[in-house]
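Participant: In case you want the letters, here they are:
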Amino acid sequence: MKVLKTSFCVIVLLFLFVSAGIILASNTDNHTVTVTVTAINELEIIGGNITLTINTATAGSNPDDQTDSTTADLNWTTNEASKKITILSNILAASANFTLTAEATSISGGTATAPQTPTTTAADFITGVATTIGTCDLTYVGSATAAEGTGSDAHTITYTLTAV
Amino acid sequence: MKKNMKTMLRCSALIAVCLAALSQNACAVPTITMSGGDWTIPTIDSTDLQAGAGSDLVATYENTAGAILINSASPSGGTPPNTYRIDVKKVDTTWDATFELSVKRTGDGSGAGSVSGGTTYQQITDTDAQFFTGDLDRIIIPLQFQLAAVSVSISPDSYSTTVTFTIIDI
Numbered sequence: 001m002k003v004l005k006t007s008f009c010v011i012v013l014l015f016l017f018v019s020a021g022i023i024l025a026s027n028t029d030n031h032t033v034t035v036t037v038t039a040i041n042e043l044e045i046i047g048g049n050i051t052l053t054i055n056t057a058t059a060g061s062n063p064d065d066q067t068d069s070t071t072a073d074l075n076w077t078t079n080e081a082s083k084k085i086t087i088l089s090n091i092l093a094a095s096a097n098f099t100l101t102a103e104a105t106s107i108s109g110g111t112a113t114a115p116q117t118p119t120t121t122a123a124d125f126i127t128g129v130a131t132t133i134g135t136c137d138l139t140y141v142g143s144a145t146a147a148e149g150t151g152s153d154a155h156t157i158t159y160t161l162t163a164v
Numbered sequence: 001m002k003k004n005m006k007t008m009l010r011c012s013a014l015i016a017v018c019l020a021a022l023s024q025n026a027c028a029v030p031t032i033t034m035s036g037g038d039w040t041i042p043t044i045d046s047t048d049l050q051a052g053a054g055s056d057l058v059a060t061y062e063n064t065a066g067a068i069l070i071n072s073a074s075p076s077g078g079t080p081p082n083t084y085r086i087d088v089k090k091v092d093t094t095w096d097a098t099f100e101l102s103v104k105r106t107g108d109g110s111g112a113g114s115v116s117g118g119t120t121y122q123q124i125t126d127t128d129a130q131f132f133t134g135d136l137d138r139i140i141i142p143l144q145f146q147l148a149a150v151s152v153s154i155s156p157d158s159y160s161t162t163v164t165f166t167i168i169d170i
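Protein sequence lines, in the order shown, are assigned to chains A and B. The working numbering puts the first sequence at residues 1 to 164. The working numbering puts the second sequence at residues 1 to 170.
Same shape as in the complex, but just chain A:
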């Protein structure tokens, strides 16, 4: 009787081991696919420099504004949320001879703010930028009064895609 019990145990154990072996014999196999996406925040001015020449006026009025919205575009791509684009100039607005304003027009991928007078402190130019590609026309308007006389201002305008 003892032999029978022992044998039965051996059978059960063998059955379990071999069954486990069958399971491990593997009718499945796998591998891993890994994708790593880094933060992407790219911004680029397309087009050349802008020259605004104020040289006309209606008699009795200040000189006519000069506008350029075709020379330069601003493009951006970001895969992060909560971004904005700021604008600044290397010239303090109060120190400039004339008035320059910039505005993002025909915009996609963000929300344009009101026309900005760029100065040495960065100001919001486009808001609501998040995981998107975007583009806009850069519309510059140069204004002068008769009292401001003649001369020129050479602004270096910098746009920055940054966190809100």
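None of these hints come from the bench; they were simulated from the model. One thing to keep in mind: the hints can contain errors.
[To be verified] Covered by chain B, according to a simulated footprint, are these stretches of chain A (three or more residues, beta-carbon under 8 Å):
(1) 30-40
(2) 77-91
(3) 136-150
[Unchecked claim] To spell it out: a stretch of chain B is covered by chain A in this simulated footprint if at least three of its residues, at any positions, have a beta carbon under 8 Å from a beta carbon of chain A; those stretches are:
(4) 107-116
(5) 134-146
(6) 158-167
Glycine is no exception: its CB is placed at the ideal position from the N, C-alpha and C atoms.
Given the coordinates of chain A, work out where chain B should sit on it, guided by the hints.
Facilitator: Below, chain B alone, put in the same frame as chain A:
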């Protein structure tokens, strides 16, 4: 003593019968192995933009055809014609639902049997779906994977999923 011997003989016979049955089952299970390792897509960064700022990321990435291989074996003792089906699915660890991961077979491999189907990209989902069928043993069946629908709408992160192939006797 004689009774014990008789019992031992009976047990031995029982063991033999069980092992034979198990052996028969073991042979009836087709097996599958993969080689070539994992597929780690080179890091996607700003150099993957289609045309710089203002453009989206390149949407589609593929690994080298045949870099990952499947070896399938039909049950040698199984019931002819020893055919099997290979299913595929994925189990996500961290994955973006926008991604479209697909696989196709770029060759037949070699061996006594044959394989059929699976030669066009098939999107891998979270549930098993038939990839291709075969019969008898085939080795080094080349695969190619494709990741599509990549865009800047996908947040920066490291994503991974496990692709599982299952061979089923049919």
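Participant: Tell me, in ascending order, the numbers of any earlier hints that this structure violates.
Facilitator: 3, 4 and 5
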